[in-house]
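Participant: Sequence:
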Amino acid sequence: MPIPGPLRRTLRRFRRLFRPPPALLVFDPRYTVPVSGVPMDPERGAQVLSFLLDEGLIEETDLERPRPASLRDLRRVHTDRYLASLQDQETLTSIYGTPVSAELADRLLDAMRWMTGGTILAVRLAIRTRRVAVSLGGGQHHAEPDRGMGFCVYNDVAVAIARLRARGWNLPVLVVDLDLHDGNGTRVAFAGDATVHTFSIHNATWNEGPAVAATVLPLGTGVGDEALLAVLSRELPPVVQGHQPALVVYVAGTDPAADDRLGDWRLTPHGMLERDQRVIDTIRRDAPGAAIAVVLGGGYGGSSWRYTARFVSWLLRGRAIEPPDDSELLLRRYRRVRATLEEASLVREGGGPDDWSLSEADLGLSPEAPPYRFLGRFSHQGIELLLERLGFLDRLRELGFREPVVSIATSVGGADILRVHAGSGTRADLLLELTLRRSARAVPGFEILYVEWLLLQNPRRVFRANRPPLPGQNHPGLGMLRETSAFLLLLAEELGLDGVAFAPAHFYMAALGRKVLHFLEPEADGHFRALLGVLGDLPLAESSRLLEAGAVRDERDRAVSWEPRLMVLPASDRLRARVEGAEHAAAVEAVTPRYHVAQAATGSPGG
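Number 193 in our numbering belongs to position 204 of the sequence shown; there are no gaps in the numbering.
Everything labelled a hint here was simulated from the structure, so no lab data went into it.
None of the values given here were measured: they were computed from a predicted structure.
For every residue, glycine included, the Cβ atom is placed at its ideal position computed from N, Cα and C.
Any given hint might turn out to be false.
[Stated by the list, open to error] Each pair of labels, with its calculated beta carbon distance range:
#1 G539 x A574: 24 to 34 Å
#2 A333 x G434: 27 to 37 Å
#3 N196 x A574: 51 to 61 Å
#4 S334 x N196: 48 to 58 Å
#5 F452 x R274: 27 to 37 Å
#6 A91 x I406: 35 to 45 Å
#7 R274 x E49: 29 to 39 Å
#8 A538 x P226: 51 to 61 Å
Based on the provided sequences and hints, a complete structural model is requested.
Facilitator: Encoded structure:
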């Protein structure tokens, strides 16, 4: 019988009292600054950390906190002229390829200094403890001494090594850079230093300048597991054996993965993990005793954290643990935050026992009316506090809405409404609107939180030619459906309900939510899966257009339409078994139809 998850994690924590983890983690929340228009996931390091904490592989007390790199340390690598130029927004705009405001510029520079400090600390810990030290950030390898590029401002790896040199540590260093892109900045920084060997396998070389100790291996595009692993196994061992490093800094970029948003290689999850394992195993075999520090490097898109999570879990556990999907991980983080909140803080209005304000009832002017409670339980303060602690409102601030305003109300029909505005409280700056009600009718036999209305929009963005409006949209979306779904499920759990239910008015809504939502009835699920089969690879705007135009046809060549059908997000085991069990899957398989797209609608044969 398998050991239940909570008990398994408790046993791991107990074992760790007697056997310290074989790897150390360095992280600070100040690494995280999103840049609009750049597909980096600002939560990448935080997601890895959340996964490791949830699995019991590390504890909060194990985490090593860095200090920001000093300007003195930055000047060991970067020129004063370049460092001064960073005060100009245009310099950062050129590095990131998107406009950078003055406020964002300050935050970015602070974040990069914290991240550089994280690499400095990881290197120090690796040398001192001889355990692998992983900074959940860093790897800004494109930054050269006199310029930044490719989203890289400070070359944290070069700064950490230069700091060691300044303190008299002069043993050989090897930088193994397996980011998809060339480690040009690190190579340039040590072009004349034979004690620092820079080893880079990448798609294309960015700087052809000579270096006295460098291995530069451009492999072009379309590289898969077999090709990369063959080159790595052939080229890395001789370098390690010949250079005999006392310190290895491994830039473990995840952008070679096939699903990377900016990458042009095709590595599978297995290939990525095998790559990381071969690097560590080669160093341990051919340079025994060498200190090993790991930094993240590049990785673009919402799944990039998963490759790092597998690698670090292998370092800590001796075998890779498969991370949960993004929505489940976010929900786990929300649950941990909720566990830290006192119940009274979510239901009490005002300032609590230290609040000296007087109500009308206190003055004897009117009988005290029962206070309004959102969903019969939460005060306005409680809902706002929950959104703050979950990081929901901070995410809005990161999107440029500096002062989000939360309000709750009840509708004429008795449903509860939650709104978040950008500031003025008008429909013009509405960001989120949720209309919810508790229902024992929507799903017979279950009590659920029913979503009557959901609006997520960014009124400050405009539609573009490559992203036209979807049906029902007045503004582009916020990109926060995952966070909103996790928040709703947390509310359902708090209320002791079986889950959340929602009937999407359009196909694209179901497509966006399909990773977390399940159709209640097999016929609706089969219909949706058949639509995904012919529309799933198309942009949402195009798939919506074809469906509304009647271009999707069934086996009798009749137009297929979209009808809102109930989808659920289970909170209870009973509801989960109803929509995720083998019986439901078999029923869906039995009723899934076959659709095709009319040839005239696409200009190509239907499929």
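Participant: Which numbered hints are broken by the structure, listed smallest first?
Facilitator: 5
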